[in-house]
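> Each chain is listed here by its residues.
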Amino acid sequence: MSTIQKIWSRTLIGLAISGGSIGAVAMERLGDDEMSGISGQAGVTMEMESQASMDTFSYFTDGNGLHLDDVSVGSASTAGESDFRTYTLDIRDNGALDIGFDIEDQRVSVGGIRLDDSGDRSMGSFWMDRNMDGNFEIVPGGALSEDGYTFNALFNVYNSRFGYKTNGHQVFLDDVSMMINSQGQTLDVENGVIHYSMPVDGNLDIGAIRYAAQDESFRGDASALASYGSVEMDFDFLSDFEIQAGGRFGSEGLRVDSETQLNTANFLYSTNGYSVGLNNMSGQSQVTDLRIDVAPDFTSEARQGLGFTLTGTESQASGNLSIGSITLGESGSIGAVDMQWLYEDQDVNGETFSNQLFLMAGGHPDAGPEGMRLASEWSLADAQLDYTTNGNTAIFDGIQSWGRGDVTVNVTGSETLGDTRFYEGLRVGFDGVSGGYRMDGLRVGDETSDVQGGVELLSALGVYRSFEFGSLDGHYTLGPGGPNGEGITINSDIVIQDGRIGALTEQSGQGIWADDLEFESHIRDMTVDVTAEGLSMIQGEAWSTMDIGNLRVGDADNGASFGRIVWQRYGKNNEMVISAPNDGSGSEGLHVALTHVFSEATADRQNQFLWETGRDTDTNGDPINGTGMQLVMNNIHTDDVTTATNNYGVKTDLEIDVREADASTGELGFSVNTRTRFRELNIGSVDMVHPDGGAATALQGVSIQNMDMESNLTATPIQ
Amino acid sequence: MMTVAKRYLGTFLLIVAGLMVSQAHGDMKPLGEDDMSNVSGQYGGMSLSGDVSFNKDGGPLDGEGVGFDCSSGGRCGSRIAAQLSEGGGWFVLDDLQGTFAFEGLTLRTRMIDSSDTGFGSDAGDFNREVIEIGMPDTARFENFSYTLATSSTARPTGSDFQQTERMTVEMDGDITLDGNMLVFPTNP
Numbered sequence: 001m002s003t004i005q006k007i008w009s010r011t012l013i014g015l016a017i018s019g020g021s022i023g024a025v026a027m028e029r030l031g032d033d034e035m036s037g038i039s040g041q042a043g044v045t046m047e048m049e050s051q052a053s054m055d056t057f058s059y060f061t062d063g064n065g066l067h068l069d070d071v072s073v074g075s076a077s078t079a080g081e082s083d084f085r086t087y088t089l090d091i092r093d094n095g096a097l098d099i100g101f102d103i104e105d106q107r108v109s110v111g112g113i114r115l116d117d118s119g120d121r122s123m124g125s126f127w128m129d130r131n132m133d134g135n136f137e138i139v140p141g142g143a144l145s146e147d148g149y150t151f152n153a154l155f156n157v158y159n160s161r162f163g164y165k166t167n168g169h170q171v172f173l174d175d176v177s178m179m180i181n182s183q184g185q186t187l188d189v190e191n192g193v194i195h196y197s198m199p200v201d202g203n204l205d206i207g208a209i210r211y212a213a214q215d216e217s218f219r220g221d222a223s224a225l226a227s228y229g230s231v232e233m234d235f236d237f238l239s240d241f242e243i244q245a246g247g248r249f250g251s252e253g254l255r256v257d258s259e260t261q262l263n264t265a266n267f268l269y270s271t272n273g274y275s276v277g278l279n280n281m282s283g284q285s286q287v288t289d290l291r292i293d294v295a296p297d298f299t300s301e302a303r304q305g306l307g308f309t310l311t312g313t314e315s316q317a318s319g320n321l322s323i324g325s326i327t328l329g330e331s332g333s334i335g336a337v338d339m340q341w342l343y344e345d346q347d348v349n350g351e352t353f354s355n356q357l358f359l360m361a362g363g364h365p366d367a368g369p370e371g372m373r374l375a376s377e378w379s380l381a382d383a384q385l386d387y388t389t390n391g392n393t394a395i396f397d398g399i400q401s402w403g404r405g406d407v408t409v410n411v412t413g414s415e416t417l418g419d420t421r422f423y424e425g426l427r428v429g430f431d432g433v434s435g436g437y438r439m440d441g442l443r444v445g446d447e448t449s450d451v452q453g454g455v456e457l458l459s460a461l462g463v464y465r466s467f468e469f470g471s472l473d474g475h476y477t478l479g480p481g482g483p484n485g486e487g488i489t490i491n492s493d494i495v496i497q498d499g500r501i502g503a504l505t506e507q508s509g510q511g512i513w514a515d516d517l518e519f520e521s522h523i524r525d526m527t528v529d530v531t532a533e534g535l536s537m538i539q540g541e542a543w544s545t546m547d548i549g550n551l552r553v554g555d556a557d558n559g560a561s562f563g564r565i566v567w568q569r570y571g572k573n574n575e576m577v578i579s580a581p582n583d584g585s586g587s588e589g590l591h592v593a594l595t596h597v598f599s600e601a602t603a604d605r606q607n608q609f610l611w612e613t614g615r616d617t618d619t620n621g622d623p624i625n626g627t628g629m630q631l632v633m634n635n636i637h638t639d640d641v642t643t644a645t646n647n648y649g650v651k652t653d654l655e656i657d658v659r660e661a662d663a664s665t666g667e668l669g670f671s672v673n674t675r676t677r678f679r680e681l682n683i684g685s686v687d688m689v690h691p692d693g694g695a696a697t698a699l700q701g702v703s704i705q706n707m708d709m710e711s712n713l714t715a716t717p718i719q
Numbered sequence: 001m002m003t004v005a006k007r008y009l010g011t012f013l014l015i016v017a018g019l020m021v022s023q024a025h026g027d028m029k030p031l032g033e034d035d036m037s038n039v040s041g042q043y044g045g046m047s048l049s050g051d052v053s054f055n056k057d058g059g060p061l062d063g064e065g066v067g068f069d070c071s072s073g074g075r076c077g078s079r080i081a082a083q084l085s086e087g088g089g090w091f092v093l094d095d096l097q098g099t100f101a102f103e104g105l106t107l108r109t110r111m112i113d114s115s116d117t118g119f120g121s122d123a124g125d126f127n128r129e130v131i132e133i134g135m136p137d138t139a140r141f142e143n144f145s146y147t148l149a150t151s152s153t154a155r156p157t158g159s160d161f162q163q164t165e166r167m168t169v170e171m172d173g174d175i176t177l178d179g180n181m182l183v184f185p186t187n188p
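Protein chains in written order, with full-length UniProt numbering: chain A, 1 to 719; chain B, 1 to 188.
FYI, nobody ran anything at the bench for these hints, they're computed from the structure.
Note that the Cβ used here is the ideal one computed from N, Cα and C, for glycine as well.
Don't take every hint at face value.
What the hints assert, rightly or not - Derived BS3-like pairs: lysine-lysine, alpha-carbon spacing no greater than 30 Å straight-line:
1. Lys572(A) - Lys651(A)
2. Lys56(B) - Lys651(A)
3. Lys572(A) - Lys56(B)
What the hints assert, rightly or not - Computed footprint of chain B on chain A; a stretch qualifies when at least three of its residues, placed anywhere within it, have a C-beta under 8 Å from a C-beta of chain B:
4. 446-455
5. 557-567
6. 577-591
7. 699-706
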């Protein structure tokens, strides 16, 4: 090969590596000055300014297409301008091709992603601004044969962004920097299977996560925009992939099997200089028989989606993760967490659940044509969570979870569209999701300990032994900014129907059940941020109704009922702070400080407790609400007493720990210490309500003052 | 109220409490060996040990000038007031404080059916699960006290506040709580 041929050969390889977009790039011819930089066998230097666009890039499996529209490459800082790239290519003595690169001010964007049957809907647009430099080396010979390749990569990404936009609203990762060192990647093809091994160590810093309401993907200085906070992580892992042709549907598609060994990792989420830290992480995961297709989803509607499926007896995902310590603010460590999981098919309540996700264009229909809809089914067949404090462990054992339904993702603004009120931020919606979870119980000490109750002591935190629901609808919208600057502001509306919560459940299926449960919850302006004390959550305003149709004991479906219980809640400025003990001893444990303000009744909201028994039944034998005798506690509210305010509320401090329950035997127990204080808690009236005779007031009012109740409870197995 | 009188009252109430416990015991049924054999292999229940304290350190209104003041020897505990009739006075459980400690209180569900001999023929007819609260055998009161009173206002403050104390109870020492308490669901 002549020298000129070699140069062009290297150039073409370089162009191929520099990105698929180059195929459509208006390439610049090398000028004389640049040509003068190419000196014989020393290598090639290329400087490029590029601006390119592509109407549509499509990928088909079995005739079903995934389409990327309006793909473009250009300047990140100035619309309509070019980026700037420099490549240096050289061939080493060992035959390795060495590519140095320096990419500046580049924006790569995809205007929309859709499927064949998306109509005018799109998954939204994605964009990436990047500055990066580094080195990439291709060495002949892979891990399995001389026909493969070995890659060595070292690169830095700095001052970069990654954004997602729907319907004129966007969230983006700002001020992103990353270092990746990946030496010894190997790529082989054997018997039609691609074997790719990727060892990586590096770090990732996201300076801020921001929100903007504008049509154009954000350019320029974003520091004036509110931030969700910042993220830092470092990692060292090895991933092995086997990729082959053949999806779940038809003859085309992909099958992916993978194994990942996480050697070390650390994660920090920070707001205003304080952090939540997941430290000294390690673990591994295996994915077997993951198939990727564009195909109809699992519902009767057979909607087309980009499907990721782990279905059937051969498919599963398993793994474990160990978190050496979790630190919150300046309060110290709450302890260590180890978890294990196995996702595979399982039968629950006579139905088979699998693991599959179909990604579609759309999102919430009122939000506009852009957004994502994820038709999802999950089946966590077995999981275990170990929580260790000061060397003592509580094991939440035999965890199972299952469900299916649609999850929608949009970036929305504060507005009402159609019949739907939207809030500013990243909106995660739930549309007809059914599912649940359950666990065997607790083991304290190690895996040989008896399974026991004790999870019931965490019900104040919304943690139950089991929870199932027939349908879940609503949303959580995560907006930018907290009470102290950086943070998250959450608005939420959730409706759960046909639910069931279990307590003291046994292997035989017997237990205490909050059955026929309807739950409606609304949260406004709940802020989440990290402070010196820990992870802080403050609700601006919250109201909810929990209607337990039958409180049963025994069998979940047919157990005898204590009647119906309805608990309405209404409060402002409720607060929860999660922290370590922070008692100066350095000991670990989980401390949760709750403040529930019970606000006075308004025209349509109040704190009310209702117990109804003796209801008539319908032709199916089901009780009819409102036909029985009711005990009603109206207008339950707190008062500060010394001032005309209602801020103190009911303060509850929970400390959760694993400690010695019996000094003589050394037996460990699951310990929950609770201290509840309030200045004044009032019940406006206590009424007895007859379905025909109406209400009669039994007590004109109840007032409880100056309460400071503390309980120290340790749960152990029944001997 | 004189200290001696308080002690007599405390003793009286302990006796009443003991009688109540004994009465409850009459309806309770200790687990037999057959029952215990049914328990093994289950994982639903739990045994709880610990204590519950009221106003160990005075409470959130202590020293706020609204009728609660530990340092001056005044009301230190919590106060529960209920008004029975509109515009009427308040029945008050006042100055509640102290500690109740126990070990081995059990909580679980239990099947009551014809194999149970302690309920006559009713057990077979019932044939359902109940909530079983297993008493902790020995429990302990530490400086546990309260006052029953009637009052003109819910809050112990204000110019028109008047209160008549009817009885003060103090409890200190061990009590025996043997057997089980069964909570039966009835009609939904």
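> Compare the structure with each hint and give your call.
Hints, verified against the model:
| no. | hint | verdict |
| --- | --- | --- |
| 1 | Lys572(A) - Lys651(A) | 14 Å, holds |
| 2 | Lys56(B) - Lys651(A) | 16 Å, holds |
| 3 | Lys572(A) - Lys56(B) | 29 Å, holds |
| 4 | 446-455 | holds (count 5) |
| 5 | 557-567 | holds (count 6) |
| 6 | 577-591 | violated (count 0) |
| 7 | 699-706 | holds (count 8) |
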